[in-house]
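> Hints given; two lone chains; assemble the complex.
Okay, here's what each chain looks like letter by letter:
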Amino acid sequence: MELDLTLIWAVLIATAVFLYVAMDGFDLGLGILFPAIRSKSDRDVMVNSVAPVWDGNETWLVLGGGGLFAAFPLAYATILPALYMPLILMLLALVFRGVAFEMRFRAATPRGQLWWDRAFSWGSFVAAFCQGIALGAFVQGIRVEGRAYTGGWWDWLTPFSLLTGIALVVGYGLLGACWLIWKTGGELQIRAYRLAKPLGLATLVGIAVVSATMLAISGPFRDRWLNLPGMLIGAPVPILVGLLAWRFAHALARREELSPFLCALGFFLLSYLGLGISMWPHIVPPSITIWQAATHPKSQAFLLYGAAILIPLVLTYTAYVYWLFRGKVTAGAGYH
Amino acid sequence: MSADLLPSALDLARAQFAFTVVWHFLFPAFTIGLASYLAVLEAFWLATDRDVYLDTYRYWLKIFAVAFAMGVVSGLVMSYQFGTNWSVFSDRTAPVLGPLLGYEVLTAFFLEAGFLGVMLFGLERVGRRLHFLATGLVAGGTLLSAFWILSANSWMQTPAGHVLDADGRFVPEDWWAVIFNPSFPYRFAHTVTAAYLTTAMIVGAVGAWHLLRDRANPRARLMFSMAMWMAALVAPVQLVLGDLHGGNTYHHQPAKVAAMEGHFESVARAPSILFGWPDAQARETKYEIGIPGLASLYLVHDLDAKVTGLNDLPRDTWPTNLPLVFWAFRVMVGLGLLMIALGGLSLYLRRKGQLYDEPWLHRFAVAMGPSGLIAVTAGWVVTEAGRQPFTVYGLLRTADSVSPIAAPAVAASLAAFAVVYFAVLGAGIWYLFHLFNQAPRPHEPGPSADQPVRTAGITAAPAVGAEPRLHPAE
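The listed protein sequences derive, respectively, from chains A and B.
Residue numbering for the first sequence follows our numbering, starting at 13 and increasing by one per position.
Residue numbering for the second sequence follows our numbering, starting at -11 and increasing by one per position.
This is chain B alone, in the form it adopts within the complex (with noise of 0.2 Å):
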């Protein structure tokens, strides 16, 4: 057989990172931005006292809790992830990133799991207001681990604040520098909103699915409401902060908004091309429909800038994989446009006081539920098969990053993640959707371990003229 048709161990290692950080993140994706909806529902608990919102905070607690124990277990993979496979990046790069990790575990990974005991089991034991604080901590972790992990691949992507000693490594000069680097504000804003569409696409989906079979149900009423504000107001902004992202990654990473765009010639007046086929070989955009001018525009936010392509860069700093970041940034765009249709959906049909009675609305909710993670998703591709060739970007190259393990033992492992994570994340994420098909109930049990698993359907809803008008959802 020739050796060129087997992958080699650095296909084999980029494949196994790419593979257990995709399937990693769509847990912290979602886990994000549903503490901190956990916290929202519990401070409006405190504040009423209304039973809707304690039941709610219970059936969301109980899918918290499974999901955030995913995220644990796939990210420890991770943590290790660096040393066996990318070892020489790891030397190279710890000085810098070290640091970072390490706060982020200090920070925030303990402060998760140390309060996350309290907020499932500890109601009863410390009383509301601790109980509160222990949610509020929990929320507050996950964004600190955001902060540091972001910062940590946004200076991979536009690396600042260090120098190159003798050996190659990168050492830091200016902490203030490597943290804050030029891309972070952008990709932290543009993240943490993302995981937090995420969260209102897949509780409005919940909300909507039960609205569909009983559409008295205050606890869906609340869920769907809630979650249509947040696309309604959320999704808007992410377009905004999508594209002073998108001008940040211009300035800093050309190759990667030119692989975006499709752009391989220098022109004014650039076009933002829909559709079409970049073909590396050709140095050209195959089949391109596109509107004249639009992505000057928009990179540029001047309708006659050139704006640069692929064939001004040099051909070994182009992302390797061009129709992969060419069309997982359509993906992302995509839904992204089309969370802004439901949240302007929402928001019409609100003010005619319809919001819980047209069904079509819940079911374009329902099949939003995986936009958002999969737009996550698409969006990490972009990000990174267009940072391609680098691991730190214009500094290290990817094929000098990676372990000196022998390919077929990268092949093995590789193969027992696909086979473990697929049969047990799997069997994780099919029994979030039983969790998801029964509806919230009043009275909804907290995440208590012998309590027995009640199919509850729509006999279970209560009477419904003895359930309080909702507030502020309403």
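Pulled out of the complex, with its shape left as it was, chain A reads as follows (with noise of 0.2 Å):
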């Protein structure tokens, strides 16, 4: 059998944007989460737990651009512009956020440091509200003709991607109470648990409500999850949901430490997967296919060696500075 290039290289950006979502997910939602924690030392010792790792957890949105630019150039060149707006918004909040990240410990008064808290805060909130945008836009199609996007600029505000926006920032806020309740203890820890329940729960509303308006608005979508094959393909999805909630609700009452966190990942890695059984074989919905947007093969063999190399590389460097960081973080006695 002939290796078909393009579907490894779908499965290996997917993995890539899943990645970044699973990982800046935690580290945006301790941002989201800032306005919940106001003690400066918590805040602290928030910021410390991802202070190693940010860098890196930032560099799979870089894959995601870069390799989507790489593997299917027609992808990039017209999801982007249909997407302007959001993007570059969530860009300028990403600045905003990563320099606040590095200055809000050395600000030298308490007004200084009240103003970069903010900076982080509101850039992470934002960064997290417009990649939900993007994802609601980008699910509900994009205008194409020829090689080129024909909408226009505002086309992808919707009430459809409002929702998916804050259901995002809720996720991102979930996964970053959970990470907190991994990482912390004492008393952060026990606010942690406390804003996971409800975060929690409104995940799941989130889930089950962006599910529920795309078989509503969506005829597509209907028939891949309604009619077989497709039910049967995706049927596991909605029951898998339903077992990780209770198993999530049982960690939370138990105070468990590391499962909230695998839990919330799992609800995202489900909801994901629908996604990917929505949208399947299109890399820009409705019309082109990842076949369409392939770039040339040569261009796929030819980086394709080399990530073979060097993903699994990456991964393992990345799991060992993860590994070297472990344990606890406390106030005062972070990584120093």
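Rather than coming from a laboratory, the hints here were simulated on the basis of the structure.
Please read these numbers as outputs of a predicted model, since none were measured by experiment.
No residue lacks a Cβ here, since even glycine has one placed at the ideal position from N, Cα and C.
A portion of the hints provided could be inaccurate.
[As the list claims (entries may be wrong)] Pulled a few chain B residues facing chain A out of the computed Cβ check, cut under 8 Å:
1. Leu64
2. Val114
3. Pro160
4. Leu232
[Unchecked claim] Covered stretches of chain B (chain A as the covering partner; in silico rule of three or more C-beta atoms under 8 Å from a C-beta of chain A):
5. 51 to 60
6. 83 to 92
7. 103 to 109
8. 385 to 396
9. 407 to 415
[As the list claims (entries may be wrong)] Cβ-Cβ distance ranges computed for the label pairs, FRET-style:
10. Pro358(B) to Arg155(A): 44 to 52 Å
11. Arg117(B) to Thr162(A): 53 to 61 Å
12. Leu126(A) to Glu346(B): 39 to 47 Å
13. Gly124(A) to Ala387(B): 43 to 51 Å
14. Ser53(A) to Leu383(B): 55 to 63 Å
15. Gly382(B) to Thr162(A): 25 to 33 Å
16. Ala411(B) to Ser51(A): 56 to 64 Å
17. Ala320(A) to Val228(B): 35 to 43 Å
18. Gly198(A) to Asp39(B): 31 to 39 Å
19. Leu383(B) to Arg155(A): 27 to 35 Å
20. Ala313(A) to Glu276(B): 47 to 55 Å
So, in structure tokens, the structure goes:
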């Protein structure tokens, strides 16, 4: 059987985007939780818990953009102009947040500190919201003629995209709270447990409402999920979400430390798989498939040789860095 | 209002790209050299076990953390801007450029970001040797990043190893020829050397600043001395590399060199024009003052050689802004010559044993602090404005590369970038100056997050006699 390089690349890019969502999700989530956790020492612990890894987390977003350019240039060249405003706003928010990350510890005055905390929090919130909006607008479809985007520059703004924006903010907040349960102790951990419960519930409501809205507004989506054979492939997803929700509630009640975080990641993974099932085989819904958007086979092969060696290597040393900074983070005795 | 008074979507997209890339490159231009400098400092520390190296390392590590973070976030913007604003360019060039950028992310960005955490926070956790390895990997990552991105940029300047398919897309034929395209070795050598000099000018200026306050501070002496060695040895090398790069450009992009030189007529014994104003309408450089024959000498290495001028090249391949290219080139070369002068003076005073004792030298070095950043930016303007009106030289015009985005959207995003970059990156730079202004102290704390930032003045300087003599800088 001949290797379908396009399929391999689609899986690789999808994996990179998921790794980004999983990893930057919890560190954006920390910023989203800032309004709920106000003491300086708690906030210091929160930021310290991701200080050694956030650069690496954000690099997966660069791989998402760069990989899309390399492997599916037609998708890159149509999706990015279509989502121009939310993407630019997201990038600006990430600039804000990244600089605030370094600066909030170094502000000379409490007032300065407060401003950088606000920049960090708002930057995280806006970045997450814009990513959710971009996701919603993308799922709703992008108007393409020939090889170019032909829609307007406000097309991305719909009630549905606002809904997905809110849902993603809530979901990232949940990831952040569960990360804190795992990585901190004492008072802050108790706060995180209290936050995780309503956030978990809100995330599940978000998943349900977004799914129901998709069923209501999209014909192809209905066909995929409510007819055979799509129903057979898709059916396990909502069932697993339900089981995981039960496990999550259990984990919170029993004050488990790692499993709430794994359950939260599970919600994201299942939603992501559900999205994949809905879109397949399109990369620019509703019209362009992964094969139509794929770059030249020579380019696919040339980068794949390197990726086959480098991606496992990257994952290995990323895991090593996480392992190196394992354990609880406490005030004043972080990584110093 | 007449439509041609308003900037077009194309002009705005160009302005936005220029604005974001110039801001972005300020940080890597500094951190590429700084990462290598940190690796050298840590190597000396491991070899000699002397605190002065560790203290100086930690001093610059805090600065590196801030500059690197700003490089990451402003660079993230760049990786999306090709698609948002230059979608046609992206679609056509992706088969060639995509894998190069993909390799940059996979070989360089992950390496840098992954080991930066270890470098900043990991010394106690991993021990000295592994920590040195992490520093080395970050430094290596910055160089790999420069390798791939400059290969991609060079391919746009001197495209090779590809064919054009029916859709007007560039399809790779020979990867070796794509990556090592004709201008790449020259551009890579010239740019990395420029980054090293940029770092040397900043490190030297900070060292000199503290020597002006306390000429006995051994950490200030160390950084000043190392930076001045760099200026003395590498600035002249850069002149040679620049000349070779210019010769290569003359061969492949004669219109760019003609714009740099202000040459309109093709003449033998072409003059090197020192000052003047190239006027595209009049097809001549006005008010020119030049040295006859010099341009023939350094471009063709023959005093009598004929040098091609703009008038012998098609008008629609001329760079669109001739005075910009002309003057940016003079700024770059002028600053390069001043760096050579600084290096030479430092060498002279070092031989006399007065390197740390002449305040005028230190003031000169302080004044030269931003010279590397300005020169790098000017050089960037020369090469990028000089290859207009093309994105892929000779093959794809800038006007045919742009996204179908309405002018108001691009204008709004450009305004937002301007506000955010000046506010946020400006605050970051202000903070860098705050760090520069703090004297490097013994037992310099690392970039630990909850350490209060103490302002140490001259009074915090150590007892001078207790410090060992420096090595190898003295």
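> If a hint holds in the structure, say so; if it doesn't, say that too.
Results for each hint:
1. At a threshold of 8 Å, the smallest CB-CB gap from Leu64(B) to chain A is about 6 Å, leaving the interface hint in force.
2. At about 7 Å, the closest approach between the beta carbon of Val114(B) and any beta carbon in chain A falls short of 8 Å, and the interface hint on this residue holds.
3. Given hint, Pro160(B) at the interface with chain A, holds; its Cβ is 5 Å from that chain's nearest Cβ, closer than 8 Å.
4. Annotation: Leu232(B) was flagged as interfacial toward chain A, and the flag is violated, the nearest CB pair being 29 Å apart, outside 8 Å.
5. Only residues whose beta carbon comes within less than 8 Å of a beta carbon in chain A count, and the region 51 to 60 of chain B has 6; three or more means the coverage holds.
6. Requiring three or more residues with a Cβ within less than 8 Å of a Cβ of chain A, the coverage given for the region 83 to 92 of chain B holds, as 9 such residues are present.
7. Given a C-beta distance limit of less than 8 Å, the hint that chain A covers the region 103 to 109 of chain B holds, as 6 residues qualify and 3 suffice.
8. For a cut-off of 8 Å, the count of residues in the region 385 to 396 of chain B with a CB near a CB of chain A stands at 5, and the three-residue condition holds.
9. Coverage of the region 407 to 415 of chain B by chain A holds. Counting CB-CB distances below 8 Å, 5 residues qualify, and the rule asks for three or more.
10. Against the hinted window of 44 to 52 Å, the Cβ-Cβ separation of Pro358(B) and Arg155(A) comes to about 47 Å, which satisfies the hint.
11. Restraint check, Arg117(B) to Thr162(A): a C-beta distance of roughly 58 Å satisfies the suggested window 53 to 61 Å.
12. At about 45 Å, the beta-carbon gap between Leu126(A) and Glu346(B) stays in the expected band of 39 to 47 Å.
13. Taking the beta carbon of each, Gly124(A) and Ala387(B) are about 46 Å apart, inside 43 to 51 Å as hinted.
14. A C-beta distance of roughly 59 Å is found between Ser53(A) and Leu383(B), which places it inside the suggested range of 55 to 63 Å.
15. In this structure, Gly382(B) and Thr162(A) meet the distance hint of 25 to 33 Å, their C-beta atoms being roughly 30 Å apart.
16. The hinted window of 56 to 64 Å between Ala411(B) and Ser51(A) is violated, with their beta carbons roughly 27 Å apart.
17. The beta-carbon spacing between Ala320(A) and Val228(B), approximately 41 Å, falls within the hinted interval of 35 to 43 Å.
18. In this structure the supplied range 31 to 39 Å holds for Gly198(A) paired with Asp39(B), their Cβ-Cβ distance being about 36 Å.
19. At about 29 Å, the beta-carbon gap between Leu383(B) and Arg155(A) stays in the expected band of 27 to 35 Å.
20. For Ala313(A) and Glu276(B), the hinted distance range of 47 to 55 Å is satisfied, since their beta carbons lie about 53 Å from each other.
The earlier numbered hints that this structure contradicts are 4 and 16.
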